[in-house]
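A.B. asks: Here are the chains, one letter per residue:
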Amino acid sequence: MMQAVLWSVLKLLIVLTFILLNAMLLIWLERKVSAWIQLRLGPMRVGRPQGWAQSIADVLKLLFKEDIVPSRVDKVLFVLGPIIAFMPALMVWAVIPFGPNFVSADLNIGVLYIAAIGSIGLMSIFTGGWGSNNKWSLISAMRSAAQLFSYEVPLVLALIGVVMLAGSLSLTDIIRAQQETAWYILYQPLGFLVFLIAGIAEVNRTPFDLSEAESELVAGWHVEYSGLRWAMYFLAEYGNLLALSALAATLFLGGWTAPFGLDFIPPFVWFLLKTYLFVFVAMWIRWTFPRVRIDQLMDLSWKFLIPVALLNIALTGIGITIFS
Amino acid sequence: MSYVRNVANVVATLLVGLRVTLREWFSRSITLQYPEQRWELPRGYRGHPVLLSDEEGKTKCTACGLCVRACPTDVITVKGAKGEDGKRVATEWVLDMSRCIQCNLCVEACKFDALAMSDRYELACYRREDLLYDMDTLLELGRGDGVAAITVGDKL
Amino acid sequence: MRELTSAKQELHREEMVINMGPQHPSTHGVLRAVVTLEGETVRGVDPVIGYLHRCFEKICEQKTWTQVIPYTDRTDYVAALTNELAYVLAVEKLMGLEVPERAQYIRVIMAELQRIASHLLWFGTFGNDLGAFTPFLYAFRERETLIDIFEKTTGARLTYNYIRLGGVRNDLPADFERETLAFLEKLEKGLEEYHNLLIGNAIFEYRTKGLGVLTAEQAVAWGASGPTLRASGVAWDLRKSEPYLVYDRFDFEVPVGQKGDIYDRCICRMKEMEESAKIVRQALEGLPEGDVVGKVPRVIKPPQGQAYAAVEAPRGELGCFVVSDGGIKPYRVKWRSPCFVHLQLLDVIARGELVADFIANIGSIDIILGEVDR
Chain A
3 MMQAVLWSVL
13 KLLIVLTFIL
23 LNAMLLIWLE
33 RKVSAWIQLR
43 LGPMRVGRPQ
53 GWAQSIADVL
63 KLLFKEDIVP
73 SRVDKVLFVL
83 GPIIAFMPAL
93 MVWAVIPFGP
103 NFVSADLNIG
113 VLYIAAIGSI
123 GLMSIFTGGW
133 GSNNKWSLIS
143 AMRSAAQLFS
153 YEVPLVLALI
163 GVVMLAGSLS
173 LTDIIRAQQE
183 TAWYILYQPL
193 GFLVFLIAGI
203 AEVNRTPFDL
213 SEAESELVAG
223 WHVEYSGLRW
233 AMYFLAEYGN
243 LLALSALAAT
253 LFLGGWTAPF
263 GLDFIPPFVW
273 FLLKTYLFVF
283 VAMWIRWTFP
293 RVRIDQLMDL
303 SWKFLIPVAL
313 LNIALTGIGI
323 TIFS
Chain B
1312 MSYVRNVANV
1322 VATLLVGLRV
1332 TLREWFSRSI
1342 TLQYPEQRWE
1352 LPRGYRGHPV
1362 LLSDEEGKTK
1372 CTACGLCVRA
1382 CPTDVITVKG
1392 AKGEDGKRVA
1402 TEWVLDMSRC
1412 IQCNLCVEAC
1422 KFDALAMSDR
1432 YELACYRRED
1442 LLYDMDTLLE
1452 LGRGDGVAAI
1462 TVGDKL
Chain C
869 MRELTSAKQE
879 LHREEMVINM
889 GPQHPSTHGV
899 LRAVVTLEGE
909 TVRGVDPVIG
919 YLHRCFEKIC
929 EQKTWTQVIP
939 YTDRTDYVAA
949 LTNELAYVLA
959 VEKLMGLEVP
969 ERAQYIRVIM
979 AELQRIASHL
989 LWFGTFGNDL
999 GAFTPFLYAF
1009 RERETLIDIF
1019 EKTTGARLTY
1029 NYIRLGGVRN
1039 DLPADFERET
1049 LAFLEKLEKG
1059 LEEYHNLLIG
1069 NAIFEYRTKG
1079 LGVLTAEQAV
1089 AWGASGPTLR
1099 ASGVAWDLRK
1109 SEPYLVYDRF
1119 DFEVPVGQKG
1129 DIYDRCICRM
1139 KEMEESAKIV
1149 RQALEGLPEG
1159 DVVGKVPRVI
1169 KPPQGQAYAA
1179 VEAPRGELGC
1189 FVVSDGGIKP
1199 YRVKWRSPCF
1209 VHLQLLDVIA
1219 RGELVADFIA
1229 NIGSIDIILG
1239 EVDR
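These protein sequences, in sequence, are chains A, B and C. The first sequence finishes on residue 326 if you use this note's numbering, and the numbering steps up by one all the way, no holes. The second sequence finishes on residue 1467 if you use this note's numbering, and the numbering steps up by one all the way, no holes. The third sequence finishes on residue 1242 if you use this note's numbering, and the numbering steps up by one all the way, no holes.
In case anyone wonders, no lab produced these hints; they're calculated from the structure. Each hint should be verified, as a subset may be incorrect.
To be verified - Derived DSS-like pairs: lysine-lysine, alpha-carbon spacing no greater than 30 Å straight-line:
hint	chain 1	residue 1	chain 2	residue 2
1	B	Lys1466	C	Lys961
2	B	Lys1422	C	Lys1020
3	B	Lys1466	B	Lys1422
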């Protein structure tokens, strides 16, 4: 009994370290990628080469900053916001397989679990935005509520195609199914497109970063946050991006399986490579497009993504009936 | 049908945008790593006014006060006295760099070629008083390399 | 008790007054806009100005006629050369000064290059307003080359103090023509890239088309000028309609929009850059030899009287009205700044649209607060 508890705690710590380190790496990477795209160099000073220690320095700095809770805020919600923000980013990792037999909890309803966890992210923005007692964050909270409700639907609909093909809700089974046939991005290009768009909207990145929208709402829901709390929101944002990328790699790119018989590279590395491929795509998109407007965002979801996702489900159904 | 065409158009323009950023992603950055790499200043860069000296290293300024009158922000203080040879010579020439707008009007006003603009641009200091440049400092700076006096009608 | 239940039945609606600025990333300086919102819809805009007021006009009365020139740089600081031009033209009109032809050509070249620089900055910041940060740095890459040319010619990168009464301060540097032509070629490539990246982008079109509409009547009634007016379909360009300097010798077109929406204003500006490039090319070709400063009296004392000169600044009609009492200092300098006029349009064009469009509207009229407040 004792051993099992210790083992769980250890696993949790490993995952936590993994996410935090990766989130910090992602922050550095985002700055570098944006700089490279924008003909700049990005951070170069803290740590050579290429300023690799910049995120560490930033996090340390933020840790030592004064913890400010503005006087007129709803204290409970204000404090709760950043904590909730971290939850989905951590919890998703419970079911994601890093390699064969290398998964914290192989739930047989993994996909459903992820869909459920994903919507918690909304709560953090909403509690933080409402609790801040600030007009900007209020608008931001309302926007993100509308946005995340609308994008939850196409995201889940896009996953259904994958689940239909694999015949299982367990992520490990989905990977095994892909191992037998081929990556699902080949069978599900429409589903992947919907997943990509809805996913980027789900993690609040440009062109769908309406709740942050620094040119309109200054910084949206985290206007009033500073120091460690702000850092938690920031890390959570990248934790979510990482989780989304891992999910994309698992569901559409075959997870840890090695393509073209390149088996000598360990599965875990393949998993990371695929995850980071998606991360790069997300960053590339972020630094290319202007932001859409809130009503256009709704239009995109209800008038394009959901019909396409439904069409994808229908096509998948027809395909399964014909070929099996 | 127009719906499909619209979607195709949107996707096409977005892909064009992505191609632009992808190309720039792998092009060279154009920024300078400032303290190590430095921008080469062109001749005639307007830093702040400095005093030019003659062959003997003395100031050419005669304290006539034309520069004082030309200055839009009143940052120049000049005092002069009769020198040994009976000519008027500046004894004090102070520039208040905290208010100088580096407009070059003093250089243009000077009739004795005693003023020029230096190419200094790192002017930060810790104390406000340090921004008061006296005559010796300005003379010393005026012996530097990047000093140029460009007045109205000059050719570069 | 009865009151309570009736209040419960009625959905409570309230307009929210939100203070956009003076510290806000998209107010282009220190504009404060008191915006009344109903949800996300803008119900009223009340621009509050004056945060950058530096008593420019009053200071001018304390300075000699020459000393005013560096001060004009600091009104519209992204197009300093055009400001100098407006002031200098007004004083020259008052004094009846002859300006050598070469100086006039140089003034045209510099003014048009300045227009390109200003529009490049506008393009970058407008992309930023829409949430695309990358075009900003691409625009600055081109602008940087141009600023280097300015630096070589005038000795400064932002506040040039280059145009003088009776001409310009100094002649163009030796390799000016080569560098400028190289820049114009670079600009062509850059403009294509901007189109691919932002202007031609579907999201951009969705964000700008049909929004912030300013009809031709409204534009004229409010006194709009420049690209803001021309986007509404009124082909009014001082370079064509009241040519100053030597603009009548060049062949160029005035881009005109149709709908007067944000998109048209953007397209007008983008096309203006191409037209400016055309003018610069022609001016460089026809650049005559000669002096760059005419005969100017040692002490500048314009005769008693008044004069008004207007130039087509990047943002619109920039007018300068000077009054002289015959002394060494101006009796009065009045600045007619296009941004000040355009700022008042905000309420007209942004009302009834969303917050995001309000930001796009501010960007599309291209205000510089240094010029609004002066």
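A.B. asks: Now look at each hint and say whether the structure bears it out.
C.D. replies: To see whether the hints hold, each was checked on the structure:
no., hint, result
1, B:Lys1466 x C:Lys961, "holds, 26 Å"
2, B:Lys1422 x C:Lys1020, "holds, 24 Å"
3, B:Lys1466 x B:Lys1422, "holds, 18 Å"
Of the numbered hints stated above, none is contradicted by the structure.
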